[in-house]
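A.B. asks: The task is simple: from the sequences and hints, build the whole structure.
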Amino acid sequence: MPKDTSIKSVLIIGSGPIIIGQACEFDYSGTQASRSLREEGIEVTLINSNPATIMTDPVTADYIHLLPLTVESIIQVLEERQIDAVLPTMGGQTALNLAIEAGKRGVWEKYNTRLIGVDLDAIEVTENREAFRQLMVKIGLNVAPSFIANSFLEGKEAAQKIGYPLVIRPSYTLGGHGGGFVHKEDEFDEKLRRGLNASPTHEVLVEKAVLGWKEFELELLRDANNNVVIICTVENLDPMGIHTGDSITVAPAMTLSDTAYQQMRNEAIHAMRSLGNFAGGCNIQFSQNPETEELIVIEINPRVSRSSALASKATGYPIAKIAAKLALGYTLDELKNQITKTTSAYFEPTLDYVIVKMPRWNFEKFWGAEDRLGLQMKSVGEVMAIGRTFLEAMQKACQSQENNRAGLGADMKEWIRTDDILDRLERAGADRIYRVKDALRLGIPEKTVHKLTRIDPWFIKQIKRLVKVEDQIQRYNVPEDIPADFFREIKTMGYSDAQIAWLLRIDEAPVTKQRKKLGIRRTYKVVDTCAAEFEAKTPYFYSTFDTENESIPSDKKKIMVLGSGPNRIGQGIEFDYCCVHGILAIKEAGYEAIMVNCNPETVSTDFDVADKLYFEPVYWEHLEEIIDLEKPEGIIVQLGGQTALKLAETFHKKGIKIIGSSFESLDLAEDRGAFSDLLKELEIPYPKYGAADDADEALAIANRVTYPVLVRPSYVLGGQRMRIVINDEELERQVLTIFKHMPNNKVLVDQFLERAKEAEVDAICDGEEVHIMGIMEHIEPAGVHSGDSSAVLPTYSLSENVLNQMKEYTNKLAFALKIKGLINIQFAIKGEKVYVIEANPRASRTTPFIAKAYQIPYLNIATKVMMGTHKLKDFTFDKKLEGYAIKVPVFSFNKFPNVDKSLGPEMKSTGEAIYFIKDLTDPFFRELDKQRSMFLTR
Amino acid sequence: MQQVPAVLLLEDGTVFYGKSAGKIGTTAGEICFNTGMTGYQEVFTDPSYFGQLLVATNAHIGNYGTKKTDTESSNIKIAGLICKNFTHQFSRQVADESIQEYFENEELVGICNVDTRAIVRHIRDKGAMNAIISSKTLDLEELKHELKQVPNMDGLELASKVSTKTAYIVGDDDSKYKVAALDFGIKQNILDCFVTRGCQVKVFPAKTNYETLKAWNPDGYFLSNGPGDPAPMDYAIQTAKEILANDHPLFGICLGHQLLALAIGIPTYKMHNGHRGINHPVKNLITGSCEITSQNHGFGVSPDAILANSDKVEVTHRNLNDETIEGIRVKGKNAFSVQYHPEASPGPHDARYLFDFFIEMMEKHKK
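If you're matching them up, the sequences are chains A and G in order.
If you're matching positions, the first sequence starts at 1 in the working numbering and goes up one per residue.
If you're matching positions, the second sequence starts at 1 in the working numbering and goes up one per residue.
It is worth saying that the hints were derived from the structure and are not from the lab.
Each residue gets a CB set at the ideal place from its N, CA and C atoms; glycine is no exception.
Hints may be right or wrong, so weigh each one.
[Said to hold, decoys possible] Here are some chain A residues pointing at chain G (derived, C-beta under 7 Å):
no., residue
1, Ala-224
2, Ser-257
3, Glu-348
4, Thr-350
5, Val-354
6, Arg-388
7, Phe-545
8, Ser-551
9, Glu-630
10, Glu-633
11, Glu-681
12, Phe-875
[What the hints assert, rightly or not] Derived coverage of chain A by chain G (criterion: at least 3 residues anywhere in the stretch with Cβ under 8 Å from a Cβ of chain G; other residues may be distant):
no., stretch
13, 452 to 463
14, 528 to 541
C.D. replies: See the structure below:
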């Protein structure tokens, strides 16, 4: 069936602010869908409240509405424009729910528009657990025995029939919210109550728990002609019992025979075809009894989901792009494989590598939260790694995490107490995979590890191989002793030079030197959907240690952009927005743009964004190999958040050019002592402070600057372990905690300006001129982390005098720091006096927000200034904002019952929304203003 | 598991060094690659791979061990295995033994820890060629000499080598239909697909003539898959011609498809690389639906000749990747065939409907 030509304009609904369970993967899908529709000559309108997205950028869509995701906003858009069709499958549950609600209120009918790519009845069936169960049984598929309960009594009855352990799954909730396992009868009442309350329909499914069964996920595409293909099969290393979003997952499935897999494939297709009429992406989860290979269906999502983003990056098949075309009426056989450009889109990708996805958690941000994993998703981001062996991919995933691990163990961070380890195996936390390795290293039998974790023995045996190899490595004293063949073998198992160095108890440098001497260098392979059967036209690479290198550097001048790695609190989608714009600016300036990143949820890792994509850990060893191969003109570190910035020192030492502000400038801004000296010299006020190496020094400083003081470790992200304390006792406790968790770190003690206002500035400097992009005033008082504050652009209550001081200080600092590119400065204002709290010599969290509010491509401009291809005077700045724009933080507290919800200097929000108001009488603003001190810790 | 250095030498002189997998020894054949991510044991035992060195592109081979019932014939048919990670530590509760034990028992020589992707890219560009694997000697001169003795696949008749020597029957005597199958290297699952649909199948040696087949009084005839070049198989082409002349229901798979084409005067050709994998897209031109198919063939049916003979033959299935002919129907006859493997094993079951279609054809013909 060819394209439906009656569709000339489409509205795509975004997913709103980032929350746990719904992250930037929907920026990826919305962006791909929008570009895909525009390719077809369709006019695309986008609605989303999240300003930090590429989808809401003029480079992506024709018309953008940064509005709250409500039916009223939808009506507003439809009043303004003629929309032929609405695509609600790209914005997760949020977009779907909104589409359903608007449908119920007759909005689509009234404006003569229709939904495409979705069948609301199909959605209803998959969301309603009982209806879904009945449908599966009807078509002959197995499901876990279960009963539906709408009341407490019904729940109790169900539990009696099923027995323990069992699962409670609330209907119509996201990311397993409100659900959980019940192992014993005495836990049941409380969990049932929580489940019923979490469900908007006061409905839960009480289901037999298939704990320890293997878990698989299939990503499918279905077209209007009922053709179905399986894009990717994913095996969860963590078996049933841990939410897929919190599981380490592997593709392709490692332990599935063809008979078992084909049964799964048949059932998946059968189930999909039984679900009404929709064309697009969908996914299905199965559980398999490892003893009998019996299968049960767990759930189905008839839309693009988190796992679609992963499957796209894992296979190279752009699911959202194709799904958007299918929604227009195309069938798969009418479309081309986007990677080969010559073969058909109707096919099933085949992999000649192994993918490991590893979630990234942020439990340290949620005090009081249960840090064990279960049915409810708790991770805030994820990394994906590609290798030619499972172990290589697994260790690369660990290296991508940016939690100071050099791989899967062998890096000084091992645990040694058996009891602690065994406990962590049974009740999984964020660190379980490391504990599996620790257990095996201590000689705990594989069988015991399997019994406690239910991880398939194949994975355990693989990890055991590491233990054996490490024993061998430890027999050597110097890297020169390691035989070349063995050295190569170690590297193919994913070991970083740092791990080898740790095992030899020497420095990393001699290991790297010897490795290079032996010619053991990374080679690059293409992700091509077809295991090299056909020639690929796309420049999507990963590294390994095979013989043939497929990444041939061009003779063009190149600039490399470092991505921001996994999403976490304090560093999220906003930096991906910055990176994508950086790439586009580099291309516009005539350079070849090279992207390095390991976050599968992002737009920057789409194979058609940069000229060359390296899907690699943003980890020094991997970067150095790419730099040695590509020899770029320079590296951009200002766009990828703290991840990229902290690598600047290494680049500087190795003589690799940093584009824009030099390392000295970056270091000066980051080094608290030197920076304060600079402020003093420039006669800019700042809170009194001191840096301490131990508790005694900290106490002395605190008493000198006077309480309350702000205590924090130096060099951290998102205010990690930052506290405001009011006396010696509290200070001592906090300082000791910092030293315990972050040894080799200094503690900074700052005078806390009570009842001060906070404001921040983002600016661009080209060395000759400073342009202030925007000044934002925080509604909440100083003390709440800027990421958790509601920021109003422009300021609304600060005097002309204060604004002038801020502008003056920004100018002075930008020149003094010799900034070339971006700078963000945070201010505290007490009375009429302005203090500088800190300066960040890079793109900040608020740069995308300002760019959206003023409709100026600031990141593009900043990148061109960094590269030196343009000066500020080459641009005109026409700020289009009537009234004010408010950046509103969004939290995911409902994922963590019992967590401390108070706000303070440590950032806790997971996302943000933009909200436009005409004036200060706006009720939304009044409400925020009224509540401004509500959550303050002190 | 003891591993020794091993070498892979291609006919054009390209050399890859790796480690031994399976039995220590030397083996040679035409090198080809399969892109399937599951079903290695079914592939190893598929008679169509007879005499071939198989490059498995999947990163790990052996993860789920081997199982006596996951086979397509009585023993391993490939001549050797080339893979990246030969994983002898396996996990599958219902499995029987590890891939290493299996290879040792079946005396199969293989090589692992080689850059399989580089090999695939090489043969993708240079085309199919012979090669030799050895873990017994690394002496290239000796291996070159040995490699020269290996015959070229083009024009090579292999079907009679893997065919059964004596006829045998599968399925119950009271089955509704009787199918006479000519065995050129038939896969177990083809027989299973017939039997589970109520057929009794008598499997005849490749060189059985039409009269002998007819004497069993079958409701339909089946031309099986198998290895080698179909062009020199005069005996089978003759039998197919006679079946056609008498207008019996006739179904051919893979080599059987090529033989049906040859029987109506459509020539075959050796493909640059062939299709081997379980993800090949095929469009059914009659229904407009698509199916993902399991494929294993190095020869194809000439599209030009089909176009020139459009009065006699109709294309029913086409490959969506390269437009090659995937299925034909003989006009005015009860005969059809497909280039791919509807029985799958390994691979998707999307095309199993063709067996039902054949049974319908027999049913109609009976009446």
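A.B. asks: Does each hint hold? Answer for all of them.
C.D. replies: Tested hints:
no. : hint       : verdict
1   : Ala-224    : violated, 12 Å
2   : Ser-257    : holds, 5 Å
3   : Glu-348    : holds, 4 Å
4   : Thr-350    : holds, 4 Å
5   : Val-354    : holds, 5 Å
6   : Arg-388    : holds, 6 Å
7   : Phe-545    : violated, 10 Å
8   : Ser-551    : violated, 13 Å
9   : Glu-630    : violated, 21 Å
10  : Glu-633    : violated, 30 Å
11  : Glu-681    : violated, 58 Å
12  : Phe-875    : violated, 46 Å
13  : 452 to 463 : holds (count 5)
14  : 528 to 541 : holds (count 6)
Hints 1, 7, 8, 9, 10, 11 and 12 from the earlier list are contradicted by this structure; the remaining hints agree with it.
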